[in-house]
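Here the sequence shown is numbered in the numbering used here, starting from 1 and rising by one per residue.
There may be inaccurate statements among the hints.
Below are the SDA-like pairs computed for lysine to any residue, each with C-alpha atoms no more than 20 angstroms apart in a straight line [as the list claims (entries may be wrong)]:
(1) Lys-170 <-> Val-137
(2) Lys-41 <-> Asp-165
(3) Lys-170 <-> Arg-40
(4) Lys-106 <-> Ser-92
(5) Lys-41 <-> Asn-131
(6) Lys-181 <-> Asn-46
(7) Lys-41 <-> Ser-186
(8) Lys-134 <-> Asn-171
(9) Lys-134 <-> Asp-165
(10) Lys-181 <-> Ser-81
(11) Lys-106 <-> Asn-210
(12) Lys-117 <-> Tyr-71
(13) Lys-41 <-> Gly-135
(14) Lys-106 <-> Thr-123
(15) Lys-41 <-> Thr-166
(16) Lys-117 <-> Asn-70
(17) Lys-134 <-> Glu-164
(18) Lys-117 <-> Glu-103
(19) Lys-106 <-> Tyr-126
(20) Lys-119 <-> Leu-75
(21) Lys-189 <-> Asn-127
(22) Lys-41 <-> Asn-72
(23) Lys-189 <-> Tyr-148
(24) Lys-134 <-> Tyr-71
(25) Lys-170 <-> Trp-200
(26) Lys-170 <-> Tyr-187
(27) Lys-181 <-> Gly-193
(28) Lys-134 <-> Val-121
(29) Lys-134 <-> Thr-123
(30) Lys-106 <-> Leu-96
Derived from the structure by calculation, the hints contain no laboratory data.
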Amino acid sequence: MQRFRFSTNLKSKSKAKKFMFLIVVSIIIFNLLIYVGAVRKVLFSNMISQERGHWCWASAAQQSGYWWANYNEPLSSRPVSQSEIVRHVKGSVVNLPANNAYEVAKAAKCAAYNHSKAKPVATESYNFNFNTIKGFVDQGKPIICNQYSILNGTGHSLLISGYEDTSSVKNVIYVDPTDGKRYEISYDKFVSGWQYGYLWVWAVYWQHWN
Numbered sequence: 001m002q003r004f005r006f007s008t009n010l011k012s013k014s015k016a017k018k019f020m021f022l023i024v025v026s027i028i029i030f031n032l033l034i035y036v037g038a039v040r041k042v043l044f045s046n047m048i049s050q051e052r053g054h055w056c057w058a059s060a061a062q063q064s065g066y067w068w069a070n071y072n073e074p075l076s077s078r079p080v081s082q083s084e085i086v087r088h089v090k091g092s093v094v095n096l097p098a099n100n101a102y103e104v105a106k107a108a109k110c111a112a113y114n115h116s117k118a119k120p121v122a123t124e125s126y127n128f129n130f131n132t133i134k135g136f137v138d139q140g141k142p143i144i145c146n147q148y149s150i151l152n153g154t155g156h157s158l159l160i161s162g163y164e165d166t167s168s169v170k171n172v173i174y175v176d177p178t179d180g181k182r183y184e185i186s187y188d189k190f191v192s193g194w195q196y197g198y199l200w201v202w203a204v205y206w207q208h209w210n
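Work out the full structure: start from the sequences and follow the hints.
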């Protein structure tokens, strides 16, 4: 009788181990499927921070133009300076914000070494859907966007450099000229208010290099 009970115990333990093994394998397979379905892409994770208080637009344009030009052709290891960019747009080196998206597009063109194939496009009062952002990033194109405060009438330029797209998350990855560092935020929050009281009001993006 004791041998019979011992054998039954072994069989029971064996079945339990097999069952746990199947559960673990199932969890691993499920997580792998989620991982395969997840997409994350980042063009760059930092940039030169703005060198003066109102130069967020110049910093964003500097990195955007430098990246896009060298992404297509190895033009220079030296980015155009923010002072050069501001002088090109404003006529002199002054600590002033950009007046509109068209000034920032002009700044981005300057930052791309005024290359004939560098074609920035300014669009006023517009924000992109998530798939459009993904499309630009997949083509190596960062997007400059302006977040405008409806509370105090000030704006701030940010540079979109990536995204994360999973079954549960749709995030925008951007670099902030304030400190030159990378941040990540949900797409819905980014569009409706990067910070409290802010809205995405315009953008500067790149046409194809040709």
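We went through each hint and held it up to the structure:
Of the supplied pair hints, the one linking Lys-170 and Val-137 holds, its CA atoms being roughly 14 angstroms apart against a limit of 20 angstroms. Proximity of Lys-41 to Asp-165 is assessed by CA-CA distance (about 9 angstroms); at most 20 angstroms being required, the pair is judged to hold. About 10 angstroms separates the Cα atoms of Lys-170 and Arg-40, which keeps this hinted pair within 20 angstroms; it holds. Restraint check for Lys-106 and Ser-92: the C-alpha separation of about 15 angstroms stays at or below 20 angstroms, so the hint holds.
Between Lys-41 and Asn-131 the alpha-carbon distance is near 13 angstroms, which keeps this suggested pair within the 20 angstroms criterion. Taken as a hint, the Lys-181 and Asn-46 pair is honoured in the structure, with Cα atoms around 5 angstroms apart against an allowance of 20 angstroms. Pair hint Lys-41 plus Ser-186 holds up; C-alpha atoms about 15 angstroms apart against a cutoff of 20 angstroms. Of the pairs offered as hints, the one joining Lys-134 and Asn-171 holds, with about 10 angstroms between alpha carbons and a cut-off of 20 angstroms not exceeded.
Taking the CA atoms of Lys-134 and Asp-165, the gap is near 9 angstroms; set against the 20 angstroms cutoff, the hint holds. Taken as a hint, the Lys-181 and Ser-81 pair is honoured in the structure, with Cα atoms around 18 angstroms apart against an allowance of 20 angstroms. Proximity of Lys-106 to Asn-210 is assessed by CA-CA distance (about 18 angstroms); at most 20 angstroms being required, the pair is judged to hold. Between Lys-117 and Tyr-71 the CA atoms are separated by roughly 12 angstroms; this keeps the pair inside 20 angstroms, and the hint holds.
Annotation: proposed proximity of Lys-41 to Gly-135 holds, straight-line Cα distance about 11 angstroms (limit 20 angstroms). Taken as a hint, the Lys-106 and Thr-123 pair is honoured in the structure, with Cα atoms around 13 angstroms apart against an allowance of 20 angstroms. A hinted pair counts as satisfied when its Cα atoms are at most 20 angstroms apart, and Lys-41 with Thr-166 qualifies at roughly 12 angstroms. The suggested pairing of Lys-117 with Asn-70 holds, with an alpha-carbon distance near 12 angstroms, which does not exceed 20 angstroms.
Restraint check: the Cα-Cα separation between Lys-134 and Glu-164 comes to about 9 angstroms, which is no more than 20 angstroms; the hinted pair holds. A hinted pair counts as satisfied when its Cα atoms are at most 20 angstroms apart, and Lys-117 with Glu-103 qualifies at roughly 19 angstroms. Distance check on the hinted pair: Lys-106 and Tyr-126 sit about 18 angstroms apart at the alpha-carbon level, within 20 angstroms; holds. About 16 angstroms separates the Cα atoms of Lys-119 and Leu-75, which keeps this hinted pair within 20 angstroms; it holds.
Restraint check: the Cα-Cα separation between Lys-189 and Asn-127 comes to about 12 angstroms, which is no more than 20 angstroms; the hinted pair holds. For the hint pairing Lys-41 with Asn-72, the CA-to-CA distance comes to about 18 angstroms; that is within 20 angstroms, so the pair holds. A hinted pair counts as satisfied when its Cα atoms are at most 20 angstroms apart, and Lys-189 with Tyr-148 qualifies at roughly 14 angstroms. About 17 angstroms separates the Cα atoms of Lys-134 and Tyr-71, which keeps this hinted pair within 20 angstroms; it holds.
A hinted pair counts as satisfied when its Cα atoms are at most 20 angstroms apart, and Lys-170 with Trp-200 qualifies at roughly 17 angstroms. The straight-line distance between the Cα atoms of Lys-170 and Tyr-187 is roughly 6 angstroms, inside the 20 angstroms bound, and the hint therefore holds. Among the hinted pairs, Lys-181 with Gly-193 is consistent with the structure: their alpha-carbon atoms are about 19 angstroms apart, no more than 20 angstroms. Proximity of Lys-134 to Val-121 is assessed by CA-CA distance (about 17 angstroms); at most 20 angstroms being required, the pair is judged to hold.
Taking the CA atoms of Lys-134 and Thr-123, the gap is near 18 angstroms; set against the 20 angstroms cutoff, the hint holds. At most 20 angstroms may separate the alpha-carbon atoms for a hinted pair to count; Lys-106 and Leu-96 meet this at roughly 15 angstroms.
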